[in-house]
Amino acid sequence: MSIKYILFTEIFKRDNHGILLDSKELEAKDNFEPNRPVEYSILAFLIIFFIPSLLLYIKYRNHILIKYREPLLVIIGGILASINAICVPLIRVLKLWCIANLVLSYVIFSFVIFTLSKFIKIFYIQRLSIFKLKFSEKKNEKIHEKGSQVLKKIESTRIKNTSIKNIDNNFSNDEFSIEDFTISDPNHYFKKLNKIINKKIKLYYVLLPISSLILYYLILTIRDSKILKTRCINENIKISLPKLILNIVIVVHSIYVFYQAYYKQKWDKELRKEYTAFVIVVIFCSVFMAISMKSVFGDLVFKYRIYIFQIIPMTVHLLCIIDPLIKIYFYSRKSREITLTEDEFLARLSDTSFKEQVKDIATQTFCIENLLFFEAYCDLMNIIIKYYNKKNIPSISNSEENFSYSDVLKTDTTHQVLYQPFDPIFKPQYEQIYALYIKEDGIASINISSSVTSDIENQILNDNYSYLMFHKAAEEVGELLYSNIYPRMTL
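Take the sequence shown: its position 236, counting from 1, is numbered 236 in full-length UniProt numbering, and each next residue is one higher.
Hints listed in this document are in silico derivations from the structure and should not be mistaken for laboratory results. Don't be surprised by glycine CBs; every beta carbon is placed ideally from N, CA and C. Don't take every hint at face value.
In silico EDC-like cross-links for lysine to aspartate or glutamate, where the CA-CA straight-line distance does not exceed 16 Å [said to hold, decoys possible]:
1. 472 to 457
2. 355 to 343
3. 427 to 457
4. 142 to 360
5. 390 to 423
6. 138 to 375
7. 138 to 379
8. 134 to 375
9. 192 to 441
10. 238 to 224
Here are the computed distance ranges between Cβ atoms for each label pair [as the list claims (entries may be wrong)]:
11. 476 to 354: 17 to 25 Å
12. 40 to 344: 23 to 31 Å
13. 215 to 440: 35 to 43 Å
14. 219 to 455: 52 to 60 Å
15. 216 to 353: 50 to 58 Å
All chains, please: the whole structure from these sequences, using the hints.
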């Protein structure tokens with residue numbers, strides 16, 4: 001007999017947490033008649049706990065307090081958790097074959113995989129959000145610098161009513177550092193992150209482990225078909241083995257993710273709370289199961305031990321589905337002592353501390369590009385106004401130079417300078433803003449309607465530039481900032 005075979009059989013003599021068991025003793029303890037009233041009561045409780053809240057969550061999945069928290073993965077996980085919750089008591093009451101527990105184990109394994117993949121995806125989306133912030137801030141600085149060069153050139157040469165043609169308007173993708181590593185090619189890095197978020201997470205964290213589990217259970221079904229056709233109330237040891245492996249992966253993986261969530265990336269507090277609770281209950285359930293298998297808590301706990309792992313989906317469901325719904329309920333009924341209109345909110349972006357708070361929330365909720373576009377657009381408008389003022393055009397030379405954030409959306413206060421024929425000196429700045437924020441595959445493309453994007457694209461392609469060509473985009477972004485960020489702020 002080979003050493004590998006001996007090790008393999010010894011592993012399966014243990015429960016899924018590594019405690020050595022007497023298989024006959026285990027079978028004897030599991031050979032009991034389930035208490036039907038208790039099982040049906042548990043079933044009713046689990047149905048009430050999971051189903052109504054899941055349906056409400058699906059209804060409100062696009063709410064501002066939910067949509068940044070990967071609702072699709074939460075919904076898939078909620079469906080799997082609900083199926084698992086309903087099936088466990090039914091399998092016990094009906095004393096179905098062990099193969100039913102195998103299928104159920106696959107369901108709960110898939111639930112944990114989807115939950116884990118959600119947090120992996122959030123980690124990479126947060127990294128992408130930070131990258132957009134750093135990269136776009138650097139680009140905005142360059143746009144501002146080029147505009148300042150135009151103004152300085154006017155002051156030094158005292159030009160009137162003519163364009164500047166000898167300004168260096170080259171915008172290069174210089175390398176920069178983020179999270180303690182250097183990005184030499186920002187475009188490549190952006191595409192790499194998008195590929196990880198949209199494809200690789202599904203492949204390596206969802207499809208691969210779930211496919212591996214199918215293969216493992218298929219082999220198990222072929223090898224132990226007689227055992228799987230017997231009736232069992234609790235889960236067979238071999239069926240539980242993948243849970244041990246998955247729990248170890250989650251705990252080991254959490255060390256790095258906790259460091260990122262709390263220190264480096266500084267996740268949104270709700271997402272941190274969800275992930276922390278998820279890891280804690282995984283550890284608790286694993287340890288509790290290991291101890292209960294030795295009958296430390298008595299035969300009653302031993303007989304109902306399969307419900308211990310229901311704590312994981314229940315905790316995730318409570319924090320990821322029920323908690324946001326409670327917040328939505330109270331938010332809709334909360335009367336604010338301080339209420340800002342959209343214009344007042346945008347005007348307060350001129351306040352540095354207020355804007356930093358907006359920036360933090362926008363980064364954590366993955367919409368930082370909207371704020372950065374708004375900043376770049378407003379800054380460019382101010383530069384254009386100063387440009388014409390310094391050219392000493394009599395009709396506008398005494399007008400206000402400062403174009404506030406709220407003025408961006410007010411057509412009645414739009415500066416008359418911005419209706420002037422477009423001066424090609426500003427074409428590179430407009431091209432840069434278009435490539436970075438408006439173009440659909442831009443690194444920091446903003447959330448605007450396709451019709452607005454198409455109109456701007458046509459103006460670019462036809463070389464039909466105007467100073468207000470981004471005005472509709474700014475209107476939509478301003479509304480998004482107000483509706484998505486303001487409700488989350490502590491004023």
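Outcome of the hint check:
Our distance criterion of 16 Å between C-alpha atoms is met by residue 472 and residue 457, whose separation comes to about 13 Å. The suggested pairing of residue 355 with residue 343 holds, with an alpha-carbon distance near 14 Å, which does not exceed 16 Å. With a C-alpha separation of about 14 Å, the suggested pairing of residue 427 with residue 457 holds against the 16 Å cut-off. Among the hinted pairs, residue 142 with residue 360 is inconsistent with the structure: their alpha-carbon atoms are about 22 Å apart, more than 16 Å.
In summary, the hint linking residue 390 to residue 423 is supported, as the alpha carbons are separated by about 14 Å, within the 16 Å threshold. Distance check on the hinted pair: residue 138 and residue 375 sit about 12 Å apart at the alpha-carbon level, within 16 Å; holds. Simply put, residue 138 and residue 379 have alpha-carbon atoms about 14 Å apart, close enough for the 16 Å limit, and the pair holds. A hinted pair counts as satisfied when its Cα atoms are at most 16 Å apart, and residue 134 with residue 375 qualifies at roughly 14 Å.
For the suggested pair residue 192 and residue 441, the alpha carbons sit about 13 Å apart, so the restraint of at most 16 Å is met. This hinted pair checks out: residue 238 and residue 224 have alpha carbons roughly 10 Å apart, not beyond 16 Å. Checking the proposed 17 to 25 Å range against residue 476 and residue 354 shows it holds: the Cβ atoms sit about 21 Å from each other. For the pair residue 40 and residue 344, the beta carbons lie near 56 Å from each other, so the given range of 23 to 31 Å is not met.
The supplied range of 35 to 43 Å is met by residue 215 and residue 440, whose beta-carbon atoms lie about 40 Å from each other. For residue 219 and residue 455, the hinted distance range of 52 to 60 Å is satisfied, since their beta carbons lie about 58 Å from each other. Take residue 216 and residue 353: their Cβ atoms lie about 55 Å apart, and the range 50 to 58 Å holds.
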